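Undergrad: First to last, the sequence lines map onto chains A and B. Be aware that the first sequence starts at 1, since it is given in the numbering used here, and climbs by one per residue. Be aware that the second sequence starts at 1, since it is given in the numbering used here, and climbs by one per residue.
Note that these hints are calculated values from the structure, not bench results. One or more hints might be untrue.
[What the hints assert, rightly or not] Taking lysine-lysine pairs in the BS3-like style, the calculated list, with each CA pair at most 27 Å apart, reads:
#, chain 1, residue 1, chain 2, residue 2
1, A, LYS115, A, LYS98
2, A, LYS106, B, LYS35
3, A, LYS113, B, LYS171
[To be verified] Pair by pair, the computed Cβ-Cβ distance ranges are:
#, chain 1, residue 1, chain 2, residue 2, range
4, B, PHE164, A, ASN53, 39 to 45 Å
5, B, ILE72, A, PHE89, 50 to 56 Å
6, B, ASN64, A, LEU114, 41 to 47 Å
7, B, PHE167, A, GLN55, 42 to 48 Å
8, B, ALA105, A, PHE50, 29 to 35 Å
[Said to hold, decoys possible] Footprint (simulated), chain A over chain B, 3 or more residues, beta carbon under 8 Å:
#, stretch
9, 7-13
10, 82-90
11, 140-150
Model, not experiment: these values are computed from the prediction. Backbone N, C-alpha and C define an ideal beta-carbon position, used for all residues, glycine too.
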Amino acid sequence: MKDAIISWKAAGVSLGLLLVIATYLVKPLGVSTQFVVSDAVVAHKVAPEFAENNQYLSKYGEKEDWGVGYGWMLVFGMLVGGGITARVFANKQPEADKGSMPSLWKEQFGPSKLKRNLASFGGGILLLFGARLAGGCTSGHMISGISQLAISSFIFGAVTFAVAIATAKLLYRKRGV
Amino acid sequence: MTLVIGFLIGCAFGAILYLGGASSYRRILGTLLLKDMWIIKLMMTAMGVGTLGIYLLDLGNLANLSIKPAYIWGVIAGGAIFGIGWALSGYCPGTCVVGSSEGKADAIFTLVGALVGAFLFALAYPVLEETLLAPANLGSITLESIFGIQGIWIAAPFSALLIFLAFFILKDRYE
Numbered sequence: 001m002k003d004a005i006i007s008w009k010a011a012g013v014s015l016g017l018l019l020v021i022a023t024y025l026v027k028p029l030g031v032s033t034q035f036v037v038s039d040a041v042v043a044h045k046v047a048p049e050f051a052e053n054n055q056y057l058s059k060y061g062e063k064e065d066w067g068v069g070y071g072w073m074l075v076f077g078m079l080v081g082g083g084i085t086a087r088v089f090a091n092k093q094p095e096a097d098k099g100s101m102p103s104l105w106k107e108q109f110g111p112s113k114l115k116r117n118l119a120s121f122g123g124g125i126l127l128l129f130g131a132r133l134a135g136g137c138t139s140g141h142m143i144s145g146i147s148q149l150a151i152s153s154f155i156f157g158a159v160t161f162a163v164a165i166a167t168a169k170l171l172y173r174k175r176g177v
Numbered sequence: 001m002t003l004v005i006g007f008l009i010g011c012a013f014g015a016i017l018y019l020g021g022a023s024s025y026r027r028i029l030g031t032l033l034l035k036d037m038w039i040i041k042l043m044m045t046a047m048g049v050g051t052l053g054i055y056l057l058d059l060g061n062l063a064n065l066s067i068k069p070a071y072i073w074g075v076i077a078g079g080a081i082f083g084i085g086w087a088l089s090g091y092c093p094g095t096c097v098v099g100s101s102e103g104k105a106d107a108i109f110t111l112v113g114a115l116v117g118a119f120l121f122a123l124a125y126p127v128l129e130e131t132l133l134a135p136a137n138l139g140s141i142t143l144e145s146i147f148g149i150q151g152i153w154i155a156a157p158f159s160a161l162l163i164f165l166a167f168f169i170l171k172d173r174y175e
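Looking at chain A on its own, in the form it has when it is part of the complex:
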């Protein structure tokens, strides 16, 4: 199996340092809250009454600052930084990491794009519903949270990995893995 463009060591050390820098300058890394902020910004614009009356959305994306703060700019930066890097290094990316139809998925579930995209869409719904219920995702809860030795994040990490491993094994059970 061919490696990525940089090694896991290089990526891990730089991600760790980035987390320390972020914690020093503003606060630790986090992503999932910004999906709510994005929803809230739209909701406040499209259906302001509904947004005001919703206990959760009313906390985010208010008129004064549109709720677009540090965290949202961070996620927007990921889109820009990831996008630029992806274009610059496109020919260095291993073939197996390219495209929207992973060969592993194709072997197990066939070449239907609809199937893959539906699974991704459904997966996305569960990701954010779960992340908001738990209070964070892989970056905020796992990487940032465990690095702060937070008990909630150790619990989240353990449950998430256990359930994700079980789900993956179930999805790919016919392969005998």
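Model the placement of chain B on the given structure of chain A, informed by the hints.
TA: Quick look at chain B alone, frame taken from chain A:
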């Protein structure tokens, strides 16, 4: 200014995830099928460096910590739902943003699903608040607050353990 810092940190975050192969389905599923240890090692290294760095900052009161509260039922239920979504899509909220920036259709579908998921959570919030979020909330506790000793004494050995496991114990692949 904070907005600019956020944007720049985000750019670096996105670039690292892309360059390190974290937005790759085969890597994530390889990890979850317990075959490919790449992502695990990457995460353990990041947490090793992060834990030590954060608690060194904390010694000088320079760390802007953000400890998530331990409301047991919500964290467990949310973690379980998240885990299913993670295995199904092959992305997490951060890597689906990076995958979308690469133009991967499955990542974009995950991203849109995630926006819908956040909205559904907002609708269900009043009920969930009463049942899963408010009860059994132990607050923002950490290993530091439980043991009542300076965090660096826990952070340093924990960090050394993570780095040791990632660099010397775990193999790259298991068959």
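Undergrad: The structure should be examined with respect to each hint, and the outcome stated for every one.
TA: Hints versus structure:
{"no.": "1", "hint": "A:LYS115 / A:LYS98", "result": "18 Å, holds"}
{"no.": "2", "hint": "A:LYS106 / B:LYS35", "result": "18 Å, holds"}
{"no.": "3", "hint": "A:LYS113 / B:LYS171", "result": "34 Å, violated"}
{"no.": "4", "hint": "B:PHE164 / A:ASN53: 39 to 45 Å", "result": "52 Å, violated"}
{"no.": "5", "hint": "B:ILE72 / A:PHE89: 50 to 56 Å", "result": "42 Å, violated"}
{"no.": "6", "hint": "B:ASN64 / A:LEU114: 41 to 47 Å", "result": "45 Å, holds"}
{"no.": "7", "hint": "B:PHE167 / A:GLN55: 42 to 48 Å", "result": "46 Å, holds"}
{"no.": "8", "hint": "B:ALA105 / A:PHE50: 29 to 35 Å", "result": "31 Å, holds"}
{"no.": "9", "hint": "7-13", "result": "holds (count 7)"}
{"no.": "10", "hint": "82-90", "result": "holds (count 9)"}
{"no.": "11", "hint": "140-150", "result": "holds (count 6)"}
The structure fails to meet hints 3, 4, 5 from the earlier list, while all remaining hints are met.
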